[in-house]
Structure formats: C-alpha cells, structure tokens
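Q: Residues per chain, in single letters:
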Amino acid sequence: MLFFSFFKTLVDHEVTVELKNDLSIRGTLKSVDQFLNIKLDDIMVLEEAKYPHLAAVRNVFIRGSVVRYVHLPSGAVDTALLEDATRREASNAAAAKGR
Amino acid sequence: MSFFGFDTSLPRDRGHPATAPGFAQATDHFAGLSKADDDDDDGIDFEDTYDGLGDKLDEKDDAFNDETFGAPEETIGKDFDFHGATARVADAMEEEHEVFNRSARNQSVARVAAAPTQPARVEPPTHVPTLRPDMSLWGSGPATTPQPEPQPEPTPVVQPPVGRRILSLEEVEAQILANNEQRHQSPFQQPPAQTHQLPPQHQHVPPMVTPQLHQYPPQQHDLHQLQSQQFPAHIQSMLQRNQTPPQVQHRQIPEQHPGGVPLQQQQRMQPMGQPLHPSRNQYGMTNHVPAPQLQKMTEAEKARFLEEESKRLKRNHKIAQLARYNGLMTPADKNFITRIQLQHLVSINNAEDNANEDFYYIVHSAIRARTNPQQPLNQFAQTYLFRQGARGRNRQQDNHLQRMEQQVQRAVAAAKARPKASQLVLEGSLGKISFSNVKTPRPMLNIKKSDTPGGEPIRRTQRSTFSSADRKSLLRAIENVYDALLELEVHERERAKLPILMQDQQPQPAHVEWAARRDQLVAKLWKETKIMEPINPTSTATHPFIAILSYSKMKRAVQRIFRHLDPEQRVTVLTMIVVHLDILDVVKHGVYLPDETQLPSAVREEIEMFAASVLPPLLGYVYEAPLSIVVGLLGILLDRVDVVAVSKTKIGLAFLTMFSSRAEIVKQAGGAPESELQQWQVMYDKLFDSLQGHWMECFPPGMFVDDVYVWQFLASIAVGANNAQQQALVSAVKDRVMENVRASKTLPPELGAQKNANVNLFMRAIGLDVELLG
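Taken in sequence, the protein lines are chains R and B. Read in order, the letters of the first sequence correspond to residues 1 to 99 in my numbering. Read in order, the letters of the second sequence correspond to residues 1001 to 1774 in my numbering.
Mixed in with the good hints, there may be bad ones.
What the hints assert, rightly or not - Heads up, incomplete: computed chain R residues facing chain B, CB under 10 Å, no partners named:
1. F6
2. L19
3. N21
4. L23
5. A49
6. P52
7. R87
8. R88
9. N92
10. G98
To be verified - Some chain R residues judged to face chain B by a derived CB distance under 10 Å, without partners named:
11. T9
12. Q34
13. E48
14. G75
15. L82
16. S91
What the hints assert, rightly or not - Just the calculated beta-carbon pair ranges, DEER-fashion:
17. R:L81 with B:A1332: 52 to 62 Å
18. B:S1628 with R:L81: 36 to 46 Å
19. R:H13 with B:Y1623: 36 to 46 Å
20. R:S65 with B:S1310: 25 to 35 Å
No lab work stands behind these hints: they were computed from the structure. Bear in mind the structure is a predicted one, so any value in this text is a computation, not a measurement. Virtual Cβ for every residue (Gly too), placed ideally from N, Cα, C.
The shape of chain R in the complex, shown without the other chains:
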C-alpha cells in the first residue's frame, strides 16, 4: 500500500509515465488505485513524431502492470517522510508475518 499511498499524494501533479513498450506519456495524474492503474489528463507523448496516432489523445487510463517507470516531480516528494513510511511498511509486514 506504500506506493498507492505515495501516488495518491501526487494527484494533480505532472508526472511522466514510461511504459514497457517504450512509450512515454507526460500528463497530470488524475487518479491511481491499489493496482497502480493510472489515469492521466492533458497528456503529451514525449516522442510525438514517433507516435502520431496518439497526438489527438487527451487523457489515458494506464493499466498498472504495463508501467515501467514513473518520473516523479522531485518537489512533491517528501523524502524523509517516504523513508519513514517505508519503515512503517516494513514493520507492518514484520508484524503481519509474526501474527
């Protein structure tokens, strides 16, 4: 749930999603779910010349499993908090295992 929790804070920020088919889409993150499916608005394909058929597409829904990378806006990421959240996650997992 850490990534879900994390991506929720990036809603309305601009992110670049790199897909496993090498397509890179930049757009405003509108929503994300626990499968890390992503909804982007006002999208722009980075190599527009290569993918002309996407020039007219304004928003996309991306299945979480096809995402390779998400480029984050560094200003919107609280690294220290992310570290703490990671620790929480780890301790939760440990607690769940111990149960």
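Following the hints, put chain B in place on chain R, whose structure we already have.
A: Below, chain B without anything else, positioned relative to chain R:
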C-alpha cells in the same frame, strides 16, 4: 381444431404459459420485442410449413398414365353433392352431438350444484354450441364454461369465507354423483334456465367476441390463473370455490367493464406487481390490445390510452437500451467486484489500519494542510462516503443513501470482524491457498526461510556492547531507533484525539494513560539510542552511540529525537558527543591531510549533514544552558580530547565557538555567580593556551574556501581575551587577515564584500575594522 388449420386456441389455452412469472425463463427478456408488431402470429404461413416436396415430383412421364391406370370413362362434373351425402348421416351426427353436449353440461352443472353458494354459471347460447369447442376435452387447458362469468346483479358475488367450508374429496364425489342422477332424470331442463340468466349486455355481444373477453384474465398471471390452466376443469372449479375473496373480486373487474379502462389498469398494474420481468410483460401486452376494444372507446379515452401507451413504449425502449448489456457479468463476477469494493471501503474506513497502511498519504496531507489550511484534509474519505450532507433533494433519497451507508458500515464491520488470515492450509492439500485482498492484489512471494535462523540474531541481542560492531548490526540499531521514534511520533499525534483539558482540570484517565504510554515510548527510544552504554575509556572500541552517529541516517534522526528528550537527557547527549568529539567521524575525517585542499565529497556531505541536523538542537540547548554546564562541558573537552586536532575541523571549531560565545553572552548579560565566572576564566585560559601556536591551523587550506566558521571562532575567542591574548591572536592571524583583504579586492564585488565581512567578524571583536587596514 380449426377447419382451415389456423390455431384458434386462445393464448391461455396454448398449454403452459411460458411468460408466467415464477417459472424458469429463458434469459432473453426481450424476445417478445420482435413479435410485437405482427398481428397474425396466430396463423401459420404456407411458406413456412410447405416442405417443397411437390416441386420435386417428376411429371415428365405422365403421358401414359391413362394406359397404366385406365382412361377415365367420363369427365368428372363439378356438381358435387357433399351435403346430400352428409345429410344421410346428419341425424346420427346431431344426436351424437346432443348427447355429448348434455354430458359435458351435466358435469359442469353438477359442479355448480356442488357449491350452492357459487353464483350460477353463464352458459353460452345453446344455438351455437359448435362454435365453442370444449377445451376441457383435450385436457390441455380449462374449459371456458366453468369460469365464473360476470354478474350483472349488484349482490356481492363473493360470499363471506366463514360461511364456506372446504369439502373433502369424498363429499365432492358424492355430490357429483347425486347431481348426475338428477340430471339424467330431466336432461333438458337446465340449458334454458341458464340462458335466461344471461345478463342483457352479453346477449348483444356476438358469440365470437366472448373469446376476446376471456383474453384478459391470462394477463393477470395470478396464481389462480395458472392453476386454472394447468388442471382439468372440475378440479379447477373446486379451486375457484375455495378462492379468497380479493382474488375473485380482482378478477372480475376487467370482465365487468370490457372497455379500455380496465385494460389500462391491468397494464399499469403489471410493472408494479411484477418488477422481476417488467419489460417482457409490457411488451407482451402491446400486441394483445384488440382492435375492437380501441374502437369502442370514446375519443378522450382513446387519446389518453394512446398517450399512456406511447409513454410506456418510450420507457420500455429506454429499459431495453439499458438492458442491452444485461447478463454480461455473471453473479460470480459481480461478487468479485463487490468484494473488491468492500475491501477498499474497509481499508479506507479502518482508522487504525489507516495510520499503518496509508502513512505517507496521511502525514503528507497533514503537513500540506498545516502549510495550506485551505486544503481539505481527508478528501479521499470525503469522496467515498461522507458526502451525504452536501446534497439530498428529498427525504427518500436521503433514506436511500443512509440505508446504503448503514449497509456499507455493517459490511465493513463484518469484514473487520473476520479473522485476518492471509492463507489457508487445507488438510491434505499440497499447497497453501492465498487470499488476495485490496492491499495485496496478488499474493506476495512466499519465500520460505529456514526455520533455524542461525545464531547470528541471538548473538546480536546478547551483545550489549558493540565491541566488534559490524556495519549491519549498526544499521539495524539505527532502524530500531527509527522504529521507536515513529511509534512515539504516532503516539504524539494521538494526543489530538484526547479531550482538551482546561487549565485547572484534573487529567482524565485517558490523559494519564497517554502520558504513561508516552513515557514508556520515550524510555524505549532512549534505550535504543544506546547512549547509556557505559563509557569504557580503556576500550579501543567506539561507543555505540558514537558509532551509530557516524551514519547520516542517525544524524538526521538526532533532531527528531531531541524533541522528545528532557533537559537531563539532552545534556547527556551533548556530553556524550563532546567526550568523543575527537573520534566523531566528522571530526576524525574532517582534518585536512597535508596535501589536501579539499575533503573527500563523502566526508563533506557528512559534515554538512552534521552541521544541519545535529548541531542545531545542540546549539539550541547550549544557548539556554547555564554557565556551569558550559564550563563543565569545556572542562571535559579539554580533559579528554585533543583540542588542537579538534580545532582543525569545522565541527570541532563549531563546538568551541558554541561554548565560548555562550559563556561570553552570559558574562556580558551579568547575573552569573562570581565563582562560575572565575571557573570559566580558568577554562578559557586553558583553551587559549592549548591552541596557542595553532591558530593558523584552524583555517582550511586554500584561499578561496569557506572559512567563515574560523573567523567566527576567532571572534568568539577574541571577545573574551585579555590584551596579551589579543596581541598574540592578532599576530598569529595577521597574515591571514591581510591575505583575505587582498583577495577580496581581486574577487567580484559581492564575494569580496562577503570575505571582508567574514574577516570583520574577528576584527570587530578586537575593536578594529577591515576598513582601517586600507
């Protein structure tokens, strides 16, 4: 049954009604739609049934048919006398017919007689008996005859049920037998009597209309109707007798008023009464509206009827549009979706889980909310459940929402109550069954670790001193600190949930409990820092606190830990650091090697981190500390640490600056006890003496580096120095001052001014100014 092969049977006579509710249906709910418009679906088209065999006849060899079969001796005339031939057996036929009719009638009359309270049955006119085939003969449907016909009499048709008793089978049989005997004695008595009972309105109705009137009851689809269609006539009449009054009355309404109004009533009733198959039934209704009915209506009625009809059609069309995708999802699919949604709701609503699972989001939005109060705090929850206050046009809608919410809450509670097993091991099965849930959409990798973890972790816990502490155990120790810290911070946040206390109010049990838990957590954190491990001066091993402080992770944590410590613990931390100042990584590695002009980047980063995270809380403490503590700390520093080595580093100088400047501030503020001031003077002199001759070593190599901290240190020393000490200091650093002033002139104006300002820190302390140097 029909002479021309048409199917003259009434709809309800065609065996079991496939559209009746309560019976298993084919899933195609709108199959009737295509049928809706063709009116002649009763008949069978020749094209449909002709198998085309006639076309295959070979007719080319017909030439010798005459020879083969013999030529016709005379041409066949067209004056067939079928009637004449028939007339010869007409009498016999008539007789048979009469006998048949009588016996059939006797049966039904007997049935009526068996129930004396039942209103007399209306018989069709006897002069057209052949037009009314008795369907009961075929056993496929009920005869129309036993159905109670509409009664013109205002007397209530329905008898009070109390006056009625259910007859046993024996009784019924006995009555039928008795009546049969009676009939045989006077066979022709009954029919005329029945005819005279016919209501006047029905006498005008041509017999052909009667079947149409009988068309309505099947559309009601009530239980009674089904029974009447499935059972032979005599059983049906028994059923009718035992019927409850409302049903009987209900059935009679449309029959008494054969106009369009009751028809509409039926049509309107149907969607309400049978919500399970609304569209199918409505479609079924449309083609049953008989044209004669429409013609009989008045203009206003007709308009109203048509309007209703079009409205209904429109609605049906809409439903049909929506229903196009009906049945795409199986019940299992729907269950799956519902489960996921519920799990999602559970995780959203689970407050204590939230802090664990959604930590980043919650804290991040809390921080954002602090910086931007306009930001709604928990928008996620609002989106899902808590929006009922915003809208709600009418009460009914509110009720729906509330009911749904309650259901969701109940479901959530039930889901929470369920044991949280993530795996199920069935006895005898070869593997484990993992339940996926919303948090782990897919089962996680289930890597089985060996059950014997080796002696390593045990050794770690047993070893109280990090005598041979390896990197891994140090990192583990830091993580333990963080875990304790996070637990404590979560607990601190829970303070907001406590009721607010007034100034003079006694703390409630909740507060006491909270405070106790807090103290417990602080103690745990304190223990995890390992700061209370005894200092062993003879040991070569680093003290565990200093060892873990060499990691930037721990440096970052110091500021957060400090917040939770009391003054005594703070001074302990400070003392611990001061005692080990020379072996602190940032000091140890912070010394410039002879040929170095710049420290390695890793060391520089550590120094920056220390200056940014560890120094501020320490400074904050020292700047409020009494002089005695400053004196004590400086004393320890001078006693235990190589001051000259420390003074060559940025962090070391920072500590020295910290003490001397604090002492100077206290001294100038006054109020400090004379004895403490004297102690300080002693310490100061000692520090000055030990650094005498090493002043220039404080400066980092190179001319154009950041040396402001050195000037700050020199300034803080110079302020407290006596004349002789000032002289010595100035002569020691004079060259450096001059170099700086010269360099500042070659630098760009801003940087030059900065450099001059740095030097001036020191110059002002001894009562001079860079400007004086020209």
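Q: Now look at each hint and say whether the structure bears it out.
A: Verification of the supplied hints:
no.: 1; hint: F6; in the structure: holds (5 Å)
no.: 2; hint: L19; in the structure: violated (19 Å)
no.: 3; hint: N21; in the structure: violated (22 Å)
no.: 4; hint: L23; in the structure: violated (24 Å)
no.: 5; hint: A49; in the structure: violated (36 Å)
no.: 6; hint: P52; in the structure: violated (34 Å)
no.: 7; hint: R87; in the structure: holds (5 Å)
no.: 8; hint: R88; in the structure: holds (5 Å)
no.: 9; hint: N92; in the structure: holds (5 Å)
no.: 10; hint: G98; in the structure: violated (13 Å)
no.: 11; hint: T9; in the structure: holds (5 Å)
no.: 12; hint: Q34; in the structure: holds (6 Å)
no.: 13; hint: E48; in the structure: violated (33 Å)
no.: 14; hint: G75; in the structure: violated (12 Å)
no.: 15; hint: L82; in the structure: holds (6 Å)
no.: 16; hint: S91; in the structure: holds (6 Å)
no.: 17; hint: R:L81 with B:A1332: 52 to 62 Å; in the structure: violated (41 Å)
no.: 18; hint: B:S1628 with R:L81: 36 to 46 Å; in the structure: holds (40 Å)
no.: 19; hint: R:H13 with B:Y1623: 36 to 46 Å; in the structure: holds (40 Å)
no.: 20; hint: R:S65 with B:S1310: 25 to 35 Å; in the structure: violated (50 Å)
Violation of the numbered hints given earlier is confined to hints 2, 3, 4, 5, 6, 10, 13, 14, 17, 20; the remaining hints are satisfied by the structure.
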